[in-house]
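Protein chains: 2
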Amino acid sequence: MSKYWSHITKRIEPYVPGEQPRSTSVIKLNTNENPYPPSPKVLDAIRQHINEDLKLYPSPTADDLKQAIAKYFNVNEKQVFVGNGSDEVLAFSFLAFFNPGRDILFPDITYSFYPVYANLYGLNYREISLTEDFTIPVEQFYDAPGGVIFPNPNAPTGIALTLESIERILKHNREKVVIVDEAYIDFGGDTAVSLIPKYENLLIIQTLSKSRSLAGMRIGFALGNEQLIEGLERIKNSFNSYTLDRLSLAAGKVAIEDVDYFNETREKIMATRERVAKELKNLSFHVLDSKANFLFIRHDTVPSKHIYEKLKEQGIYVRYFKKMRIDQFIRVTIGTETEMDSFIQAVKSIVQN
Amino acid sequence: MSKYWSHITKRIEPYVPGEQPRSTSVIKLNTNENPYPPSPKVLDAIRQHINEDLKLYPSPTADDLKQAIAKYFNVNEKQVFVGNGSDEVLAFSFLAFFNPGRDILFPDITYSFYPVYANLYGLNYREISLTEDFTIPVEQFYDAPGGVIFPNPNAPTGIALTLESIERILKHNREKVVIVDEAYIDFGGDTAVSLIPKYENLLIIQTLSKSRSLAGMRIGFALGNEQLIEGLERIKNSFNSYTLDRLSLAAGKVAIEDVDYFNETREKIMATRERVAKELKNLSFHVLDSKANFLFIRHDTVPSKHIYEKLKEQGIYVRYFKKMRIDQFIRVTIGTETEMDSFIQAVKSIVQN
Chain V
1 MSKYWSHITK
11 RIEPYVPGEQ
21 PRSTSVIKLN
31 TNENPYPPSP
41 KVLDAIRQHI
51 NEDLKLYPSP
61 TADDLKQAIA
71 KYFNVNEKQV
81 FVGNGSDEVL
91 AFSFLAFFNP
101 GRDILFPDIT
111 YSFYPVYANL
121 YGLNYREISL
131 TEDFTIPVEQ
141 FYDAPGGVIF
151 PNPNAPTGIA
161 LTLESIERIL
171 KHNREKVVIV
181 DEAYIDFGGD
191 TAVSLIPKYE
201 NLLIIQTLSK
211 SRSLAGMRIG
221 FALGNEQLIE
231 GLERIKNSFN
241 SYTLDRLSLA
251 AGKVAIEDVD
261 YFNETREKIM
271 ATRERVAKEL
281 KNLSFHVLDS
291 KANFLFIRHD
301 TVPSKHIYEK
311 LKEQGIYVRY
321 FKKMRIDQFI
331 RVTIGTETEM
341 DSFIQAVKSI
351 VQN
Chain P
1 MSKYWSHITK
11 RIEPYVPGEQ
21 PRSTSVIKLN
31 TNENPYPPSP
41 KVLDAIRQHI
51 NEDLKLYPSP
61 TADDLKQAIA
71 KYFNVNEKQV
81 FVGNGSDEVL
91 AFSFLAFFNP
101 GRDILFPDIT
111 YSFYPVYANL
121 YGLNYREISL
131 TEDFTIPVEQ
141 FYDAPGGVIF
151 PNPNAPTGIA
161 LTLESIERIL
171 KHNREKVVIV
181 DEAYIDFGGD
191 TAVSLIPKYE
201 NLLIIQTLSK
211 SRSLAGMRIG
221 FALGNEQLIE
231 GLERIKNSFN
241 SYTLDRLSLA
251 AGKVAIEDVD
261 YFNETREKIM
271 ATRERVAKEL
281 KNLSFHVLDS
291 KANFLFIRHD
301 TVPSKHIYEK
311 LKEQGIYVRY
321 FKKMRIDQFI
331 RVTIGTETEM
341 DSFIQAVKSI
351 VQN
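Protein chains in written order, with this note's numbering: chain V, 1 to 353; chain P, 1 to 353.
Possibly wrong hints are sitting among the right ones.
Note that identical chains are pooled: a pair holds if it fits in a single copy or bridges any two copies.
Claimed, not checked - The calculated BS3-like cross-link candidates involving lysine-lysine, where the alpha carbons are at most 27 angstroms apart (straight line), are:
| id | residue 1 | residue 2 |
| --- | --- | --- |
| 1 | 268 | 253 |
| 2 | 10 | 71 |
| 3 | 281 | 310 |
| 4 | 71 | 41 |
| 5 | 312 | 253 |
Honestly, the hints are just simulated from the structure, not real lab data. This one's a predicted model, so the numbers in the text were calculated from it and none came from an experiment.
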């Protein structure tokens, strides 16, 4: 604590991201990155932008990237907001749409950055307990005092809500913003984009970090009614005129446009996920039904913390959350086939000893 | 106005950056970019990082970049914070060190983003009038209720404070944070870095956008006492785990390390500035004494708005501020020798007609 810190700085409890080990020999299944490289077209596009124009500011409005996103989702360009990773887009959204004194609702087991944002801005929130089987109890999100946010699929469970459930939440919160955080939507869930014309209170947030293999470039975006997007622009333009650099703008555009590569890699990941889930079940793991690029698993007899530590000793990083109800689980990002073979082998030797 | 906007979203007045014309044929002297390209070593470093690792998150702690900055300034790595342009570092600083209800002091004529940040966070501020000759009245920054921020050199005047003046402001605000925004320090001012060991309330903010020709890559940083840096880290880690992407981290490191290129280009800019200032004086311009990469000028008889508009017609962009006391000036970024020759020719024909 320093006497120079503001009340806010003293109050907050910062988020702690998963480890980024420096060693390249580890198998990194701990931060839900994509195991496949970015599209070769994306790497080419970046190369083409390495020139003296880097001395100039990027476009403050990021029109080219917004246009590509709008075209892909068949929405209007004014329904698109872009930011420095979906984390920044989320941070802006909390400030843009939520007011202190009125509880925001989100699940008790979810992306652990949500309470951090709320604390940063002095916003109140209420955590809604997931059901016994770790699904979102839809009715409990009705008539939220301040607004709603949840990931679909949820993290770290990987379980997805149906569009019909999401629509019920939207219908019962017409006066409040409902944020659907679709960071993992491309691995099997149904995006809520089709609901935008019907629900002006719907904000969808996505990222290029997962399904487009661009975690290293920090590109996130939001889709929603023009009024909501304008609100985000107001906040962004009161914070930083240029949140995406020239190379991220170039990379993002081509990543969205290269649909074939995107489909090919995400399908590979989904296939690997199903294969690994089956093998884990054969090893007496309880495996939640995941529509994300990770699996949330618990062994019948061996404690998760033990598995987590033993795996780490062998250079395999997974994520363990020391938190009530989920401290018996580990979250395992889906890697390449080869990486998952090593993972399965390692896990087998741990649980069978 | 939308019913979905938070009170803050409704209240704020976003910052408006200088125009970024798409045409490449214009002479762009309006946003204080560097006319020289980034160091060739920087471009090489970026190229080397275009590979499949872009699928992985960047380092959340940005250690390599921090180390390079620490080494250059001969400070400890824990005295360095990095962010997505100095705008983001400024935005974090307002939140980290200032509290609502206590006036922050800054000059009335200064970087117009300061009141925007204050409004974003509901902070109070008092604008201190510059003296008749546009210098900062040092004594009026003593005993600031909430803290102090000013650019050195100031923008858009370009006038620098002496280190002795800065030290007086620091001495008279021991309990409050004093932020010295050194965005333009490398063009002739004296950095306050040497005062860090003596003043734990001093935060210095710099950018690679100007003197390192990297506006397109969004890299800013802060230097100060470890407590202040820790405060900034707390805010950043409650907002976005990874604010700099992999390519910006690589570019920033090499840009700081290539001291020869840095010195060569900034010296060229300073020489051009002095030459242009002299020629403008010969054309009956009043030219403020600039230690920045721009000149703030007023003609004896021809209105600035007219000059601004006529220049624009000829494809030469400068910046005009429609604001009391300075609406008789234009701000002209120092370009290459050739660009400034074109500028002088154009201005000559405007003021002599």
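Checklist entry - Hint by hint, which ones does this structure get wrong, listed from lowest number up? => result 2 and 5
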